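Chain order of the listed sequences is A and B.
Heads up: the first sequence begins at 1 in my numbering, then just goes up one per residue.
Heads up: the second sequence begins at 1 in my numbering, then just goes up one per residue.
Derived from the structure by calculation, the hints contain no laboratory data.
Treat the hints loosely; a few may be bogus.
[As the list claims (entries may be wrong)] Pulled a few chain A residues facing chain B out of the computed Cβ check, cut under 7 Å:
| no. | residue |
| --- | --- |
| 1 | Leu16 |
| 2 | Leu45 |
| 3 | Leu48 |
| 4 | Thr60 |
| 5 | Gln66 |
| 6 | Thr105 |
| 7 | Ser106 |
| 8 | Tyr138 |
| 9 | Ala258 |
| 10 | Glu323 |
Quick caveat, the model's predicted, so the values are computed rather than measured.
Where is the CB? At the ideal position from N, CA and C, for every residue including glycine.
Protein chains: 2
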Amino acid sequence: MDSTERITDRLTARALLLDTQHAAVDRRAAFVIPDGTVYLDGNSLGALPRAVPDAVADVTTRQWGQRLIRSWNESDWWSAPERVGNRIGELVGAGAGQLVVTDSTSTNLFKVFVAVSRMDPGRTRVLIDPDSFPTDLYVLDSAARLTGLTVEQVHPDRAADRIAEIGDELALVVYSSVDYRTGELWDLAAITQAAHRVGAFALWDLCHSAGAIDVRLDDDGADFAVGCGYKYLNGGPGAPAWIYVRTEHQERFHNPIAGWHGHARPFGMERDYDPAPSISRARSGTGPMLSLLSLEAALTAYDGLSMADVRARSLSLTGFFIECLGGLGIDLPLATPAQDGRRGSQISLRHPEAYAVVQALMVRGVIGDFREPDLIRLGFAPLYVSHAEALAAAEHLSHVLRDKEFESEGLARRATVT
Amino acid sequence: MDSTERITDRLTARALLLDTQHAAVDRRAAFVIPDGTVYLDGNSLGALPRAVPDAVADVTTRQWGQRLIRSWNESDWWSAPERVGNRIGELVGAGAGQLVVTDSTSTNLFKVFVAVSRMDPGRTRVLIDPDSFPTDLYVLDSAARLTGLTVEQVHPDRAADRIAEIGDELALVVYSSVDYRTGELWDLAAITQAAHRVGAFALWDLCHSAGAIDVRLDDDGADFAVGCGYKYLNGGPGAPAWIYVRTEHQERFHNPIAGWHGHARPFGMERDYDPAPSISRARSGTGPMLSLLSLEAALTAYDGLSMADVRARSLSLTGFFIECLGGLGIDLPLATPAQDGRRGSQISLRHPEAYAVVQALMVRGVIGDFREPDLIRLGFAPLYVSHAEALAAAEHLSHVLRDKEFESEGLARRATVT
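One chain only, chain A, in its complex shape:
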């Protein structure tokens, strides 16, 4: 037995041990993972939960097809945004009545930006991470032009200092819990405390956290939060997003897209808008029920799980993958911090031919994704990715790099989707 074989044997044994240790979170049986696939892109589109196809078929053929308009009442489609919102709330540390599933993340960001701009006219400045997912930057710039807010891009590790400098002109800080490219986890509780010290609000973007990180919105003082439904929450492509408005801010939260679903009496068909005295005021128009109820079915995969355990398995997976990289002699620069407390649920590696490397991995059945300019991004969805797969992915990556498989023809760059 040579040294490589010994290392592989050792890592294999370790994967087995870790999968056993974290078996409580193993929901693999609740998901469809195609044969021969190691799926490390659940941070872009979560895998299909087995509960979804039947649930969606019931919505189409029975609820819609047979019961027709009556299902708005009979199947309580009307309250699904709040019902599913409360379930997501349990996964991100939000008590009931503060989270509603509606629209897209972009639209929900817009609602918060405009609502905040009206809360205290003396506060006109907003801080945002320049490395935010671009839609956060775009929508904030647009909302700022509309409302008179002034935007300043400040990296999270400088945020607390800058917040103190700006002081009482500050209206809002906008930070993502996990950086979508590097996978770095930021201490939003600390940034939020700094914001609160000067009387400002904090908006958390949890797109790359919800369902993988043990977020504590209520306990950590978040004022607002948004997130999507199609990454770790596995709601399906373009599943609707959600918005959190802390109870104490709801009365002052004026949704600029004041659609009839946010009205206190939506069926009164009144001429004047009177916002619902609840999180329902964050709704706008009619939501996409097939996609929304797919998300509801998907969330059953989390039934009985504690987010602390989910987080522990996530950290174990990414930590073990880093261990495998070392063991197999893969020396690509890590864009993701190696320390547990600073890591989300993904590992990003730098490579000048990152796009082609991702394509070569896909040929081998390992699905990750590429992010500009040089990132190989591998997400470890804690409910269905195993430590054995983390090792397999590292081994495939080792072969791709050793044999320069990324130089094959047909792996040229083209557009991909987040």
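With the hints as your guide, set chain B onto chain A.
What follows is chain B alone, placed relative to chain A:
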């Protein structure tokens, strides 16, 4: 044979004749209509097209479940908003590249209101129908507060005069093609001409027209339009909505919800927003693919149909229903104009106990809906409702009224859904 029997026989024969005359539009076989149901609520939630369940199952189990993230490219989920938009465009007289499926009607209205407010700062006034579906009023009021626009509610039959009086301060007029309660069809081409004479824009709300009326957006000069996907277009509950921006206005159309899906290079992940040089700039965040692709499958029911024929069948259905009311001696006041040119695809009748009458009809398998304060609203979806059913509905209504079935217990008022 008594007189009632003779009348019924005559109407039955007439229904048969009209169904034969308008058979070209009969797509009943393409829809699921539950046994024993006369479905006259397709103007609220269209019936299930038979093509939908398999199409949605393919999206969930194969595209999402098996192909995972790759389907964004392989199944071209990315371009679905424009692809489905172009198909809807064919049904409302819009040439390709002007219509995109995205968000809800409320959100799309908001985009137009804010975009128009920035087009010509000298024009600050907006006219809207006080009898608009409430969300139009609510969202316009909200957008007006945000942008400085001034809103005036003017009934459509007074619109042309008022437009001329206001003149060059007018920015926009907002009118619905069909009144959602009374079913009255307005001459939006004439209102639009009046708006254009003073240099203002016209926004058409086509929620209650698209798929039933032969709308001609391009030919009749509409500047902007919005509509939902779940009424006559049969996309399913909460199917995403659509927005039309005439080609010549697209370059000046600045979508306030400047999400990454509207960017010229969405995968460039750039820090600055550069709107797509096309209707795609009206997109914001990621759309709900299950609901969107359900809508795409639903639209195949329109394949091979001319909207002129669809409109002719719709008018025949509602006209014949009025004839049945007369023949059967039902003398409830018509809220809907009897003249063909002034009628959408629904008939609304007034009754002081309208809610209970609608419930009593439902007990008999005739599904319509109630609208405040006193309207029995019956929609005639031209693709799957027959003249024979129009007669059957009138006969059921006759019995409900004659025997005062609406006074039965258990038919008390409760919330229903549009």
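Against the structure shown, which of the earlier numbered hints fail to hold, in ascending order? As far as the earlier hints go, 1, 10 are violated by this structure, in ascending order.
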